[in-house]
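Chains A and B supply the protein sequences, listed in that same order. In terms of my numbering, the first sequence has 192 at position 192, counting the first letter as 1, and numbering is strictly consecutive. In terms of my numbering, the second sequence has 127 at position 127, counting the first letter as 1, and numbering is strictly consecutive.
BS3-like, lysine-lysine: derived pairs with alpha carbons at most 27 Å apart: (1) A:Lys46 to B:Lys279; (2) A:Lys234 to B:Lys90; (3) B:Lys117 to B:Lys90; (4) B:Lys279 to A:Lys9; (5) A:Lys251 to B:Lys205; (6) B:Lys93 to A:Lys238; (7) A:Lys3 to B:Lys279; (8) A:Lys234 to B:Lys93; (9) A:Lys3 to B:Lys93; (10) A:Lys9 to A:Lys19; (11) A:Lys76 to B:Lys205; (12) A:Lys238 to B:Lys279; (13) A:Lys46 to B:Lys205; (14) A:Lys19 to B:Lys205; (15) B:Lys117 to B:Lys163; (16) B:Lys90 to B:Lys163.
Quick list of simulated restraints, FRET-style, between CB atoms: (17) B:Arg214 to A:Arg178: 39 to 45 Å; (18) A:Thr229 to B:Asp81: 20 to 26 Å; (19) B:Asn284 to A:Gly165: 55 to 61 Å; (20) A:Arg244 to B:Glu299: 52 to 58 Å; (21) B:His96 to A:Arg61: 38 to 44 Å; (22) A:Arg61 to B:Arg92: 39 to 45 Å; (23) B:His96 to A:Gly171: 56 to 62 Å; (24) A:Pro194 to B:Glu152: 46 to 52 Å; (25) B:Arg214 to A:Gly165: 39 to 45 Å; (26) B:Glu280 to A:Arg178: 50 to 56 Å; (27) B:Thr206 to A:Val11: 34 to 40 Å; (28) A:His59 to B:Lys205: 37 to 43 Å.
A few chain B residues that don't get close to chain A, going by computed Cβ distances all over 12 Å: (29) His96; (30) Lys117; (31) Asp119; (32) Ala125; (33) Lys159; (34) Lys163; (35) Glu185; (36) Met200; (37) Arg207; (38) Pro225; (39) Asp287; (40) Arg291.
It is worth saying that the hints were derived from the structure and are not from the lab. Beta carbons: idealized from backbone N, C-alpha and C, even for Gly.
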Amino acid sequence: MTKIQNLYKVVSNRRLTHKTWVMTLRGDTQAISAPGQFVNVAIPGKYLRRPISICDFSHERGEIVLLYDVVGEGTKAMSEMNEGFSVDMLVGLGNGFSTSSVGSRPLLLGGGIGTAPLLNLGRALVRTGKQPIAILGYNTSADSFGMDRWFEEIGVEAYIATVDGSMGTKGFVTDVIRRFDIEGDYFHACGPMPMLRALCTSLEIPGEVSIESRMGCGFGACVCCSVETRDGVKRICKEGPVFRKEELIWK
Amino acid sequence: MEMKNMKVSLSGVELQNPVIPASGCFGFGYGMAEYYDIDILGSISFKGTTREARFGNPLPRVAECAAGLINSVGLQNPGIDEVIAEELPKMRKVFHQPIIANISGFSIDEYVECCEKIDKEEQVAIIELNVSCPNVHGGGMAFGTCASSVGEVVKEVKKVASKPLYVKLSPNVTDIVAIGNAAVEAGADGLCLINTLLGMRIDIKTRRPVVANRMGGFSGPAVFPIAVRMVNQVAHACGVPVIGCGGVSSAEDVVEMMMAGATAVEVGAANLVNPYACKEIVENLPDVMNRLGIHALSEIIGIV
Numbered sequence: 001m002t003k004i005q006n007l008y009k010v011v012s013n014r015r016l017t018h019k020t021w022v023m024t025l026r027g028d029t030q031a032i033s034a035p036g037q038f039v040n041v042a043i044p045g046k047y048l049r050r051p052i053s054i055c056d057f058s059h060e061r062g063e064i065v066l067l068y069d070v071v072g073e074g075t076k077a078m079s080e081m082n083e084g085f086s087v088d089m090l091v092g093l094g095n096g097f098s099t100s101s102v103g104s105r106p107l108l109l110g111g112g113i114g115t116a117p118l119l120n121l122g123r124a125l126v127r128t129g130k131q132p133i134a135i136l137g138y139n140t141s142a143d144s145f146g147m148d149r150w151f152e153e154i155g156v157e158a159y160i161a162t163v164d165g166s167m168g169t170k171g172f173v174t175d176v177i178r179r180f181d182i183e184g185d186y187f188h189a190c191g192p193m194p195m196l197r198a199l200c201t202s203l204e205i206p207g208e209v210s211i212e213s214r215m216g217c218g219f220g221a222c223v224c225c226s227v228e229t230r231d232g233v234k235r236i237c238k239e240g241p242v243f244r245k246e247e248l249i250w251k
Numbered sequence: 001m002e003m004k005n006m007k008v009s010l011s012g013v014e015l016q017n018p019v020i021p022a023s024g025c026f027g028f029g030y031g032m033a034e035y036y037d038i039d040i041l042g043s044i045s046f047k048g049t050t051r052e053a054r055f056g057n058p059l060p061r062v063a064e065c066a067a068g069l070i071n072s073v074g075l076q077n078p079g080i081d082e083v084i085a086e087e088l089p090k091m092r093k094v095f096h097q098p099i100i101a102n103i104s105g106f107s108i109d110e111y112v113e114c115c116e117k118i119d120k121e122e123q124v125a126i127i128e129l130n131v132s133c134p135n136v137h138g139g140g141m142a143f144g145t146c147a148s149s150v151g152e153v154v155k156e157v158k159k160v161a162s163k164p165l166y167v168k169l170s171p172n173v174t175d176i177v178a179i180g181n182a183a184v185e186a187g188a189d190g191l192c193l194i195n196t197l198l199g200m201r202i203d204i205k206t207r208r209p210v211v212a213n214r215m216g217g218f219s220g221p222a223v224f225p226i227a228v229r230m231v232n233q234v235a236h237a238c239g240v241p242v243i244g245c246g247g248v249s250s251a252e253d254v255v256e257m258m259m260a261g262a263t264a265v266e267v268g269a270a271n272l273v274n275p276y277a278c279k280e281i282v283e284n285l286p287d288v289m290n291r292l293g294i295h296a297l298s299e300i301i302g303i304v
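Isolated chain A, as found in the complex (with noise of 0.2 Å):
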């Protein structure tokens, strides 16, 4: 059994733009799985644990890299943790990425900060042969924090749409596809939940999709984010994050 409770030293914990951090974090990888899980980190003072999904790992190296924007009273401490600082975090929650079956141009679908998880499945799936398409989507280009720069870095073509046309294509993420005439064989998406109901209900081809929600404990035992599915009741921290867009019921 592999243990999924452990502690991390902050490598490097720096800002990128007005609202979004990068840290690194060192330690024990050997519970994460998958592209796409996502970690819970402890915050001193605060009695539940911060969901945050894992932007990047290296079992090699074991490092955990952490997108995250400040939002609140949570990720406002985790700003303030410093290099050196010990951090508890439970890691390699939830399912992930499928990274088989998923065509051979699969799309990456970002937005905001749901970016973050796209990158480690980019750098799987191009391990596995496929040839990826990243397409990231910001309100404007101050928000951006150069994830296509690091996508292009692990061979995958990255497009940027920003919604006041500031930076890229202005619009969504389905406005690069139709401008480029994009041909995707599967998606893969994580961002705000209109812009997942959009691509699950608009894009032709199969795909999934990775879904936040507020969590209690993050492994499966509170059931405070359960979603009804058209496969039954899903805890959304343990049968998820990541649900094939048939699974989802949207109202």
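Once you've looked at the hints, dock chain B against the given chain A.
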């Protein structure tokens, strides 16, 4: 180090130690068996079960508090028949200690029907009658906050239950001893307390309650002193064994709860922030006993 005796007995049901994950914080155990060997536990009180399958309340169902959380899950469970057909067989594969069956309902008939069915399950050693869930309307706590309805439901269930019947009490009452006594007079073999305290949080930015159901059950270390006080009152007044529950997070808390009067101790919220909480408590108990000069845990029950 000298071998410590951690055994306790609940109405003739022998537990290897007093540590029991509380209902609703451990599912049916098998999910947690992915993280450690759950056979080290004294027992498990499984997820509150009703006659019909229930999805529970809308999301969000959880709100953070200082030293605790509010949940408004609302008795999500697959229903008694599914629990017997699917959940218990999975539980039995990884857990070989006595099981506590937590049963809830919306009518006396429902409590009776569920208890009659679960009573036939061999590994179920104790039935824990949940008359204290704060998250459902017209059931759960509606029974547990009135002495006469507690008495009525206990009396009817007692007719069909051969296993020891423990009633899980709500702290959301004026006089918990009166409710405890009503349960005991109606035939309860033991009491379990406390369930969660009814609480509420408001998101001051959106000006709305944090949980969709407005209110929920507050638990965690913040409620521990209340639980100790109520266990102490009930254990000394009601004359039956008590399972202490509420904010227990460490082996020291287990000892304190037992000194207050608990024969066994349920651990709830702590499991949700640390999946290894119960394992660590069981492993730490011998050291704590050693430090405090306790040879057998059974010696300290209700010494205060």
